[in-house]
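Chains as they are written, first to last, in the working numbering: chain H, 1 to 164; chain W, 165 to 607.
A portion of the hints provided could be inaccurate.
Each computed DSSO-like pair below joins lysine-lysine, with the alpha-carbon atoms no more than 27 angstroms apart [stated by the list, open to error]:
hint	chain 1	residue 1	chain 2	residue 2
1	H	K32	W	K390
2	W	K575	H	K74
3	W	K591	W	K177
4	H	K72	W	K382
5	W	K194	W	K216
6	W	K448	W	K382
7	H	K91	H	K74
8	H	K72	W	K194
9	W	K382	H	K74
10	H	K145	W	K286
11	W	K169	W	K540
12	H	K145	W	K310
13	W	K177	W	K286
14	W	K381	H	K110
15	W	K216	W	K571
16	H	K122	H	K72
17	H	K33	W	K390
18	W	K194	W	K599
These are calculated hints, taken from the structure and not from any lab test.
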Amino acid sequence: MREHREAMEEISVREATREDVEEAANLVVRMKKLNNEFDPLFTVVDDAPERAQSYLSKSLGSKSALVLVAVKGKRVVGVLRAEVRERNFYKPTVGGNITDFYILPEHRRKALGNTMLERASKALQKLGAQVVTAEFPARNEIAVKFYSKRNFRALTNIYAESRE
Amino acid sequence: MPRAKAGEEASRKAVRYSAFYGGKVATTPKVPIRSLDDFSIWYTPGVAAVSKMIQRDVELSFEYTNRWNSIAIITDGSRVLGLGKIGPEAALPVMEGKSLIYKYLGGVDAFPLPIRVADVEKFVETVSSLEPALGGINLEDTESPKCFEILERLRGQMNIPVWHDDQQGTAGVILAAIYNSLELTEREIGETRITLLGSGAANISAVRLLGEAGADKKKMIVVDSKGILHPEREDMDQLLLRNRWKYEVALATNGGRVRGGLEEALKGADVLVAAAAPGPHLVKKREVAGMARRAIVFLLANPVPEMWPSDAIAAGAEIVATGRSDFPNQVNNSILFPAIFRGALDVRARTITDGMVIAAAREIARFAKDKGLTPKRIIPTMLDWEVYPRVAATVGVKAQEEGEARKRASKLELGRHAREIIERSRKTLRILLEKRIIPPPPR
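Next up, chain W with everything else stripped away, as it sits in the complex (with noise of 0.2 angstroms):
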């Protein structure tokens, strides 16, 4: 079926099974209910001593309740997917969807709930009250550069991880990309010439966490829709006032004082990451031919990507990258969020750290590496379920490493409880599909 044929299909279904089924997730009991004297302990009088024994001690809420494995999909709705401001209701069928992926692929219960907040002091307010029933928070969808300062703002002040997935998530599947196209182009990160179009959450991070990893700020180039970022641009105080996050982007990159636009910023570069607007014609031919050779170029606008992936291999690009799995290499947020949820809840970390994406990135390469690396296979896809206990593992032990777990566990016990979960979270969605419980889509 053509791509754009496919696309309507999806959409239609999607309509269609959406008002079948009433959304996609629910909440499930994980207790017997033999009969209604079970009640009794579930809930009152028992659960009082329960709620007694947490009143004394508040961790405790991570042992005797479901707050462990629990977190909140939270949006404003204010840039959900390609739509723009489209509010908090109309958000709440893609928060499902992602509720649904965190439960497929890593066993986690992910609550989608978009809130009504006009501004961010409210933002942040209501999100930090919801600590006490949570073990970690997901932002999403929200308007660049707000989300900056929100995620600055509760990271700083809870004790739960607060992850931003359009920020970290996509930063940490770009790592993961580069790591192993890097190595199918023999280049080392600290002497690739990075230039990434779009300034929005997803690169404004990317440049943060790629630094972090080892590639050198003053190699990589910036370019938005007025051009390649540098610190004497014209609009530079506006930023400081408006969007500080990227004012300091353009401060530590383009060490080569590089002016003008893609092309320039093109010339002579290993790598693009292109995460700005749907093409296909905002990435020409032209400006990836200027490329190095061997170039790497990643083309995540969704949904359709910066140029098609057939030109860019025309203009000389070895690797190619997008954000859609109708192509090869698909570099998507899926691959990475369940499983650093994962891993963070089951040793209760109390913050996701650049180092613990890192170690993230690394094992989603290492594992893609072990199955096979080729310029149309850098990284895994969200069918190589056996990806996520792994890198859930190497992110407990790196929240460890770096003091942010609040329990102690090998790498070896970390991969197989998140692999227990993982399948049991499978298994219970392949039974109720086999018994029925969940009817199949209406014909």
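One chain only, chain H, in its complex shape (with noise of 0.2 angstroms):
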């Protein structure tokens, strides 16, 4: 009975809270674990999960920065932050960056994550920002699908040597 109910319960988008933090924070480890299935350069430290919630919080203090959650009853199924930052030489000046961005497998392919980054979209707007970026491994195939169509295209490279 319990899954029946829980399944009947709708998602909801929202800014998070600080209740929020400990889950949204796991969602967030765990797309960084992802990250590093595509590239070595992007292995994840062991107090990940600490870093996770300290790095959450910490955004929820600020002003320019936004976290929006994706729940479900009282769960954390998504996750979406982003930033504003100035861009000192360039035209638009202001931008909104999203870093990060996780949903949950059983919740992916229901137009869960067009209706997370409509909504940051619009919140960064408020916030400023005149184009909407997202930042992400290069070699990441699914968020470069993902923002590929939906019109993002690519705008600055990082290119990595290792020295170890």
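Mind docking these for me? Both chains are given alone in their own frames, and the hints should help you get the complex.
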């Protein structure tokens, strides 16, 4: 019965609160681990869960950051973190950059990604962003596909050479 | 003779006899050669006329050559029996054995064809290039998850049936055994809770086929070496990238979100399908004891099942099946693949659908039922040779219903035709043995 009731519950997207941090941080760590699947230069540190919690907590207190969560019942099933950045030399001069975006597998393919992205774009605009960007590892083909499908294009390249 | 000793004896004989006979199969002419003149009919110049006709209509290659009855058994030798990655040459004796079964039980000319290929791309390219000579492809002993992609791609691009016996064959025969087990224990498939131990080719395919046959995927639980599969498991993203077939299974099954290991997965379960790794201590008595009343337990690992059948029965299982012939209820692909290809070839099928496999499984189950169901006899054995033409006819009819047949025939005609071919195959072997053209094995 419990599962049935849960299945019936709608997913809502809202700004994160302190109570969401622990679960949202777990999702951020999952995303970082996914990045590692594509590139060994994204090997996740052991204390990533604590770091993610601290990172999200700080974001919640920042006026230039945004943390959205998708919630089903009381469970966090998706997270999106973004921040507003000044673009010193370029126009538009203010950008909204999505730094973390993760949805649990069983809630994918249901347009939840679109909903969260739309919601984030609007919120970032309100914070002054004139362009929305998304940051992810170049080899993360899932992210490339997701954003390309939504008319995002590659903007900056960061090349790396491991010296280890 | 004790089981271990019998196994050793079979191995010793296999090596000795293989050397004596120089392999297990060979091609044989099927037309008269009365004098050298006959070669001008079967070969040049006469054969050119046949070639020209086929050039105009390639479908005639099914009528004027042995293509209608030919398949290839293809492997890269990456997961052979319980031996693992032994390479294509070492896989050849196994493929020859399969070819022998195809001919003897299904009358199908199956060429053993291990190939040396480095990756999926090359595998697909190589196999698809063989289409003009064949009526079907049997993929064999290729490692998971590579085998899923190969099957999917080849099925998508070839116009002849491509069959992976470790996936579809095993799943089909599991379904046949489940049909009769449910009948004996008075269960409905849609209400049955099925736990599958192991997430290799067989069980991943079994989840799909059982679902197609009416089982509720939400009532299925799959357990692998890391525990119960569920959509929130930590390795889900890894699976998405490395084994999307298993990822889909994790999303579709375990509606109750049960977590833990086999013990939790078996609590109250009606059926266990173990296709994991050799036992005999992989499944514990206490785990089976936690299953529902009148439990059904399939222990399919070879050579040693995941637990001994006697232990499963002692723990309360009512029906127990294994992959071995020396225990009751052998759930083995050999009961299905010769018939499925016999049926598919006889209607020149373009593919083998899940619908055809389900129809075959039902027919196998019906055959066993006609002979009398008991907990120790839920499925026919390879000795029940009449099952093959019956299943072949059912498969042929289903292929026509699903629009996958190039040729039309009634069930009666198909059954008669299949019976003739299979009987001829058995008779030919008998005569070759009687005339000592095939000599008796060395002492």
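Here is what the structure says about each hint:
no., hint, verdict
1, H:K32 <-> W:K390, "holds, 21 angstroms"
2, W:K575 <-> H:K74, "violated, 58 angstroms"
3, W:K591 <-> W:K177, "holds, 25 angstroms"
4, H:K72 <-> W:K382, "holds, 20 angstroms"
5, W:K194 <-> W:K216, "holds, 22 angstroms"
6, W:K448 <-> W:K382, "holds, 25 angstroms"
7, H:K91 <-> H:K74, "violated, 41 angstroms"
8, H:K72 <-> W:K194, "violated, 68 angstroms"
9, W:K382 <-> H:K74, "holds, 23 angstroms"
10, H:K145 <-> W:K286, "holds, 26 angstroms"
11, W:K169 <-> W:K540, "holds, 24 angstroms"
12, H:K145 <-> W:K310, "holds, 23 angstroms"
13, W:K177 <-> W:K286, "violated, 36 angstroms"
14, W:K381 <-> H:K110, "holds, 20 angstroms"
15, W:K216 <-> W:K571, "holds, 22 angstroms"
16, H:K122 <-> H:K72, "holds, 22 angstroms"
17, H:K33 <-> W:K390, "holds, 18 angstroms"
18, W:K194 <-> W:K599, "holds, 18 angstroms"
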